[in-house]
Amino acid sequence: MVSGDTKEMTVSDGKPMRLWGGRFESGPSDALARLSVSVHFDWRLVPYDLAASRAHARVLHRAGLLDDGELERMIGALDDLERACKEGEFRPTVADEDVHTALERGLLERLGSLGGKLRAGRSRNDQIATDLRLYLRDHARTVVSRLVELETALMAQAEQHAETAAPGMTHLQHAQPVSFGHQLLAHVHAFARDIDRITDWDRRAAVSPLGSGALAGSSLPLDPQAVAQELGFAAAAPNSMDAVADRDFAAEFLFDAALIGVHLSRLGEEIVLWASQEFRWIEMDDAYSTGSSIMPQKKNPDVAELARGKSGRLIGNLMAMLTTLKGLPLTYNRDLQEDKEPVFDSVDTLLLVLPAMAGLVATMRVNTARMESSAPDGFALATDLAELLVRRGVPFRDAHEAVGHLVVWCQVNDKDLGDLTDDELAKVSPHLTPDVRDVLSVPGALAARRAHGGTAPDRVRDQLIELREAVDTQAAWAAGS
Amino acid sequence: MGRGELSFADGGGGGLSAAPLPRGFFDRPSHEVAPDLLGRVLVHGSVAVRLTEVEAYGGPGEDPAAHTYRGRTPRNAVMFGPPGHLYVYFTYGMHFCANLVCLPAGHGAAVLLRAGEVVTGGVESVVLAYQAERHREPGVEGRPAFPDRIRSGPRTGISTAKDTPWRFWIDDDPTVSPYRAHVPRRRSAAATSVGEVPSS
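Chains U and R, in that order, give the protein sequences.
Just so you know, the first sequence maps onto residues 1 to 481 in this note's numbering.
Just so you know, the second sequence maps onto residues 1001 to 1200 in this note's numbering.
Excised from the complex, chain R in its bound form:
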């Protein structure tokens, strides 16, 4: 039945230059920033990653699945920083998780970067770049994916807010991970789900 869209004059997308996005881009709720990041390239140090799968997380008191749900701690302080900053945490003894802070400082909302295609640099250098400069402001540039390519659904592997469709990905992209529902497990069990975000 087609897209059913008749308006040819409006519609988003289609950034024209390769210049980095201004900080104001991130000064929006994380679930608005998240789909707009897909297809764009994150440049951090010597690495560039085309983002293909992201998840939005809200601030204290509003999103029980977010690190910041119970307020500011030394560990999550960066997430309360200015928009566009990188918040990296280490989880399950094996995964580095990178997030981009959204909304003005103090809101504690962010977009988790779940998957991407490494455009320049290697996977190891991506991790090293994250480790070395965890608090820097990375550049995001390039054109977003076409809106009809973007899919959304519940976030992967979380036990709370299961009905919030804040996971966004590029349809049919080979780098996107298969969806995993949360499976209750023993505390000591090793995690296998990359990028899984604990609720506490």
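Chain U on its own, in the form it takes in the complex:
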């Protein structure tokens, strides 16, 4: 990556090289040059630009535009340039407008005039669209790897806590007891859908723009399908104008990243709550929490808060991209220089947040006793009581009313449902016989919700079996098979 310090970037030979200087008598103003430069952020496309160059060199050779010896020298120089970039020996200068210009300079330094042959039949317009697709398809796999690690951490905790009862909530109020494992797996399903969206996105992103030239295709006898194949794309773009103008793949990826951000934020918010003094459901490992500079007793959930906070930039990057695209006539417009930073930032953000969240989840200790003792609070078993009456033939409307009265009576008399005497139950409704107390137990309430998708521990274990299989498939995709 290039340093942000522009003083480090100097013009090596005094005269900046431009790919478009032919018809200009004077160079650009400093103000334009500063506005126009993108090499400080597009430098990270180096490996992809060079890979595309190698593929392009091979089709030039097949078209008879490079002889055997020239191809060999060209590939050798591109390989050497990649090494020099990796080792920091070759660096962009301020005078290099963008990554393509910088790398062409490197090629000319190595090959002399032969280096200039590579530009035949391609344009920066099809090059940059290709580079960005390659970058994203590569990094999408890294993002999925990190998502799989987070899913795995959540599933390991869910397995430990399939039978741990927690107060399930709606409106952040106690609603019905649930298995804590069930709640953790709810988050896994969200991340599994995110991965599903990315693998589906990849099918549409697997189209190669190279060969489209500036906008109209090439008059040279090149073979875009061969280039596509070499670069791991499924096919070459069928329409050259669409190929250089289309950034749907970037916008769509940014949506996927934004929704991952939303899911991370919702999980983060729950962890912040769980770790609070009011909940005390979990304790965070020291390695994934921070202290206060002034209050020695504090243990703060910074990882979860940053996951929540950084969702803002993930959503912002999507908005920036859509807004940049919305008014553009076909085909390439310079506005598209703005397509890269949001993409890079979203990828970087996810690769920062995901490992931290996976570590936080993997190492958190669940305060099982605390969670289970509060599971029946707030009359959380009232629905179980009403459903029992329904099983005994009472219309749900009447059951709902009877149990509602019971709850009010409990509140007035400061009692919990489980504390009621036989007489007190009978006073509220003749249906409330002493044996209804059997359903007023948390484990009983959990086990009863045994229909498909329910929170019964057995169903949670079934879910785990299915999820493990799905996550293994996702991991295999990320690893390249």
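These are computed hints drawn from the structure, not numbers from a lab.
Cβ coordinates follow ideal geometry from the N, Cα and C atoms, glycine included.
Among these hints, one or two may not hold up.
What the hints assert, rightly or not - Residues from chain U shown here face chain R by an in silico Cβ test under 10 Å; the list is partial: (1) Glu149; (2) Thr152; (3) Ala156; (4) Tyr288; (5) Ser289; (6) Pro355; (7) Gly359; (8) Thr363; (9) Val366; (10) Asp472; (11) Ala475; (12) Ala476.
The hints should help you fit chain R onto chain U, whose structure is shown.
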């Protein structure tokens, strides 16, 4: 600069089932088996451990840091056994060290298991399981860690073959031990480095 990898079709990893790995998995040089073990789960008796840090050791005459460097002895005989077998030794009066044998019988190569996360069972039961069934063939199952998570470097606390990067670990995993270079010490000094492998 990204991973610089452009091939989407190849790449390893991503085992699909929880079935134990076949014995053939271990029928490879130990430095190839070692990184492929990371992230997988070793199941032995009633305990399961997710492996996070391992070291590869070669056979007689090829790896001066290995127990088998000077050939077969009664103590290291298991290490010359069939691939996938467990070789456990007791060292410094305090540490049990577990190894998985690699390559066909007679090669004397193995992977030392340095760290892991106990998935089921407790730390004591892990040691007891090792003690009770030192020669059994444990099961290894599950998915390996993603290749971009695996780091390698010199093995910990050994005085020979310092430049051989045969220690492999999962980056950023809380169970992985900090690297300790070999420090020459008096024979009588008590060892503190868990899993340290003597060169003789």
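Hints, one by one, checked against the model:
{"no.": "1", "hint": "Glu149", "result": "7 Å, holds"}
{"no.": "2", "hint": "Thr152", "result": "8 Å, holds"}
{"no.": "3", "hint": "Ala156", "result": "7 Å, holds"}
{"no.": "4", "hint": "Tyr288", "result": "9 Å, holds"}
{"no.": "5", "hint": "Ser289", "result": "13 Å, violated"}
{"no.": "6", "hint": "Pro355", "result": "6 Å, holds"}
{"no.": "7", "hint": "Gly359", "result": "7 Å, holds"}
{"no.": "8", "hint": "Thr363", "result": "6 Å, holds"}
{"no.": "9", "hint": "Val366", "result": "16 Å, violated"}
{"no.": "10", "hint": "Asp472", "result": "5 Å, holds"}
{"no.": "11", "hint": "Ala475", "result": "5 Å, holds"}
{"no.": "12", "hint": "Ala476", "result": "3 Å, holds"}
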